[in-house]
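Engineer: Given the sequences, and given the hints that come with them, work out the whole structure.
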Amino acid sequence: MNDYDFLNDLLLRSPLYDYDQYSPDQSAKILLDSYFQVALYLASPQLFQILAAKGFNFNALNSRERLSFMRYYNRMSFRPTPFGSFSSFSMTVWGEAAAINLGNKKDAKLHLNLDQEVILRLSEGLIGNKKEDYTYICNPALYKSGKEFRFIKTSYSQNKKNIFFDLESIEGNILTNALFDYCAGEYKQGKEIISYMVKTTGCDWETASDYLNFLIDANIVIPHTKTNIIGEDYLQRLLHHPETPLTLIRQDLSTIQDQMIAYNFPDASQLVKISGQVNDLLFPLKHEIEKQVFYAGLERKVVNGNLSIHRQQQIKDGLRALELLITPVQTSLLQQFIYDFKARYDLRKVLLLEAIDPAIGIGYGPSVSPAAETDLLRHVKFTDQQNKKVNLEWSTVHRLLFRKWNENFKSTAPIQLNDSDLSQLSPDQAFTSPPTLPVVFRVLGDHVYLETIGGVSATALIGRFTAWSNKVHGLGRELASKEQLANPNVIFADIGQLSDTHADNINRRQHIYDYEIPINSISTFPVEQQIALSDLWISVVGNELVLESKSHGRVIVPRLTSAYNFSRNNLALFRLLCDLQYQGLQGNYTFDLEQYFPGMAHYPRVVYKNTILSAAKWYLSTQNLKELKEATEGEAIIRFKILRETLQLPSLIALSQFDQQLIFDIDKENEIIFLLDCLRSMGTAVFQEFFLPAEPIVTSEGKPLVNQFIAFLYKNQEVYKGNRIPDLMIRPKVQQDYILGGKWLYLKLYCAPAIANDLLTKKLLPLLNQLGEKELLLWFFIRYRDSGYHIRLRLKINESAVGNILARLKKRLANTVHYHLIREYQADTYRREMERYGPDIITLVESFFCGSSELVLRYIKIAARKSLPYSYHSLAFVSVAYLLNCFIPEINEQLIFLEQMVNTFYAEFSPDKSLKIDLDQKFRELKTEISSLLTNEGYYLSLKLTMWADLYKIRIDALQKKTTLFTTKRRDQLLADLIHMHLNRLFIDRQRNQELIIYYCFYKYQLSVKAIKKMKG
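Under my numbering, think of the first position of the sequence shown as 1046, with each following residue one higher.
These are calculated hints, taken from the structure and not from any lab test. A portion of the hints provided could be inaccurate.
Below 20 Å or equal to it, Euclidean Cα-Cα: the simulated DMTMM-like pairs (lysine to aspartate or glutamate) are [what the hints assert, rightly or not]:
hint : residue 1 : residue 2
1    : LYS2006   : GLU1935
2    : LYS1426   : ASP1178
3    : LYS1236   : ASP1178
4    : LYS1151   : GLU1344
5    : LYS1760   : ASP1362
6    : LYS1271   : GLU1177
7    : LYS1748   : GLU1344
8    : LYS1271   : GLU1251
9    : LYS1175   : ASP1226
10   : LYS1236   : GLU1216
11   : LYS1819   : GLU1844
12   : LYS1760   : ASP1048
13   : LYS1654   : ASP1637
14   : LYS1271   : GLU1344
15   : LYS1426   : GLU1970
16   : LYS1192   : ASP1178
17   : LYS2014   : GLU1935
18   : LYS1206   : ASP1178
Cβ pair distances, simulated, as ranges [what the hints assert, rightly or not]:
hint : residue 1 : residue 2 : range
19   : TYR1951   : ARG1423   : 55 to 65 Å
20   : GLU1639   : ASP1995   : 43 to 53 Å
21   : SER1726   : ASP1391   : 52 to 62 Å
For glycine and all other residues, C-beta sits at the position ideal for the given N, C-alpha and C.
Structural biologist: This is how it looks when you write it as structure tokens:
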């Protein structure tokens, strides 16, 4: 780490209030403070309105309102992370001074923006209906594959709160081939596009205009007025865009923008007034009133002082220790992608969009297609158990830390590392450090506390501040310039990606790098500084994935200049580009003793020289937490004081939950009471020691502030070599394996989940319909993921027809193999599952499988028309309800079965509280729909599926009659298997996840039915 130098600039973050003034006894005074009221309004307009209605009189607040107030007051005094006007950011420098003095609070600049969600709603009123007058360009994610064009469609829910990514396609023909080439690369006016279509096809103007409207609605061509996330503020761009009509809403919004720029901090009444004006504009657009209309940041100037340059050595000391202590970790998704890429493409260079396409290429983790993100799964988060596995390999670092820990006379004493200790360790040579590195630290008297160090570029942590500060923007540009200068053989390019509207508030930023890769947003860069997705190719060199631009002839290194947690985004293309940033780099130097010794109740502070690498923390046991929550206030105070002595807690502790952190001085009884109130709503609790400087480092108006600095390190050594390989087009090997003979023909069709339904309904179903009863006696299919996603098709046939059927299948599937839609297909021998079902009912089970397959495929065919009057998952509820009622007609027995199934799935998915919360929310979302479906006798008739539904029911009835003498255990196991196989056919992917949702919703619904019946007597 000695190859790093420090930039002269520092970013300072600090709370607005000084920590000396903090006291719960000051609550009544603080509640009346205008600075607090502004911060509260920006954070929670709802709570602000409640407290305003009570005259901001602390004595008039109920206990819940007081607790909410105290949380915000505490945050405003101790937490430096910028959030509204609770805390601020400032630019400062290294120097010879020992302290920094910030300007008065009243001189702070509150940067006000409208919330991204609000902007998207208002944009509907800014953008006119004359689509011919706007300019358009092809969707950046559009590409040609075989006979069709494929693209990623980005859409929002009506209220703009949720964003959806869907992989769609459109047929390639003479018009689309020419038109999409015409619209690629540069913007064309709508009139030009219509005129081009008229000339190309000979159609009339109106027809061409209608087709343009279709292309716009389908997200195939995108207007220049679409959202940008990098560069000029989107609302400002719209207001000054030459294509935006001169409407009243445009004038009103311009006035609102002027008011926000001229805003006088701190004045909550101005914010309330502007918010009302914004909602007045939303109402005619038929949008609900939005309480939260602002996204804000507070900037304070440094009046005098700087940070002593001798602190740099303490940071370097810490980095030296961390380089030796921390083991690099590479993302498993990227490693799996590289493995799959080599197996599929070998040394070929492949278009990025093709490789990432789950239907054509190999995909990347969860797909953007409906196969991965159905309406049923949306907003239900399942824990990835793979990510929860702990690496328990005992290393030299483990031995060193364990020995040092045990050498301490007191287990709570800090672990003090020295040079002799570090000499036993050696750095990992497999990974290099990033070209620039941000270090988040606090200065504490003689010590420096390294809070977080990581990422692949120091630009990420400051990205959002570039939208507010020219100085921060200049800092970002300097960092980007350092990276590019040291790595001349590659091109760095920022990723332009729209995520959900809440995240896109912090994603808004200025251009830092010279190039941008727009994915689903408009780029404000000139075309020559945009790197099109269709220009990006990938290959594997050694074991590294290489991304390169065909037009530039150079390797591209993607950058996300935002602190956004991109793993939360569902778009695989975006996640791949973000993960690619970390390839071969040590992207995290943040030290946590718990990662080495998981499951301990206490972890001591770890220090090297005068640099704190990690703070001490304590896990409160479930029993201790329960006793504190159940005790009266007086008893709880006594118990906590005893617990403090037992755990040897320091005076100042931090209590963290999710992204919130509260600070308590537990020498003071009123703060213990506040702490106990906070604990009552928590399921787990972790305390961490909190540091205040012995002498004030940052002050304002002579009062000390909590400090948090970000230092920026860079190195001149080359990190990215830009290695490429020449173009090689090697066709992948295709294996075919046919085993002939027998009454059953068993086929495995390997394909991507996204095209599975098309393969079943457009290729296989027509062929199965053509086969006569003498050839095909019975058939069914299942979806599998073993050794790759595939469909298992079982055909019971006349033995003499094997050759004919295989020949017709081969002919039918020829094109799909040619275009790599089917990667491989094999014939095998079907082995009946006698052990699972038993010889007494195996024939009836297979007959049910056939009825289930017939119904599901007919339904899928209808659902593909996009005119389906029901949700895709509607068949699951209707068809499973018949199975349940047939096998277990009594509601109490049904509830027992459903509860058992829910618990079984809970065990499988290792749930935490959040999963149950998501499932409850999903049931509330679906309850009305489920009730309507289960009482709709005309469901199958409306879908013209009566014949297939009757066949399905007949097969169930026949099977149920054979099970009347079964034990409850065997009956329930059979029913669970039948439901599992049936839902497997319906849902394209992640069937087990969706099966849990179905069971959970049925369980909750039947509970409500039972309760209603009980009420009616």
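Engineer: Decide, hint by hint, whether the structure agrees.
Structural biologist: Now for the hints, and whether the structure bears them out:
1. Of the supplied pair hints, the one linking LYS2006 and GLU1935 holds, its CA atoms being roughly 16 Å apart against a limit of 20 Å.
2. For the proposed pair LYS1426 and ASP1178, the alpha carbon gap of about 43 Å is over 20 Å, so the pair is violated.
3. Taking the CA atoms of LYS1236 and ASP1178, the gap is near 7 Å; set against the 20 Å cutoff, the hint holds.
4. For a cut-off of 20 Å, the pair hint linking LYS1151 to GLU1344 stands: about 11 Å separates their Cα positions.
5. With a CA separation close to 17 Å, the supplied pair LYS1760 and ASP1362 stays within the 20 Å bound.
6. Simply put, LYS1271 and GLU1177 have alpha-carbon atoms about 15 Å apart, close enough for the 20 Å limit, and the pair holds.
7. For a cut-off of 20 Å, the pair hint linking LYS1748 to GLU1344 stands: about 18 Å separates their Cα positions.
8. Restraint check: the Cα-Cα separation between LYS1271 and GLU1251 comes to about 24 Å, which exceeds 20 Å; the hinted pair is violated.
9. With a C-alpha separation of about 24 Å, the suggested pairing of LYS1175 with ASP1226 is violated against the 20 Å cut-off.
10. The suggested pairing of LYS1236 with GLU1216 is violated, with an alpha-carbon distance near 23 Å, which exceeds 20 Å.
11. Between LYS1819 and GLU1844 the alpha-carbon distance is near 10 Å, which keeps this suggested pair within the 20 Å criterion.
12. A distance of roughly 6 Å separates the Cα atoms of LYS1760 and ASP1048; the hinted pair therefore holds under the 20 Å criterion.
13. Restraint check for LYS1654 and ASP1637: the C-alpha separation of about 17 Å stays at or below 20 Å, so the hint holds.
14. In summary, the hint linking LYS1271 to GLU1344 is not supported, as the alpha carbons are separated by about 30 Å, beyond the 20 Å threshold.
15. Proposed proximity of LYS1426 and GLU1970 is supported: the alpha carbons are some 15 Å apart, at most 20 Å.
16. Our distance criterion of 20 Å between C-alpha atoms is broken by LYS1192 and ASP1178, whose separation comes to about 31 Å.
17. Distance hint between LYS2014 and GLU1935 is fulfilled; the C-alpha atoms sit about 16 Å from each other, no more than 20 Å.
18. The straight-line distance between the Cα atoms of LYS1206 and ASP1178 is roughly 29 Å, outside the 20 Å bound, and the hint therefore fails.
19. With their beta carbons about 20 Å apart, TYR1951 and ARG1423 fall outside the hinted range of 55 to 65 Å.
20. Take GLU1639 and ASP1995: their Cβ atoms lie about 59 Å apart, and the range 43 to 53 Å is violated.
21. At about 56 Å, the beta-carbon gap between SER1726 and ASP1391 stays in the expected band of 52 to 62 Å.
The structure does not agree with the numbered hints 2, 8, 9, 10, 14, 16, 18, 19 and 20 stated previously, though it agrees with the rest.
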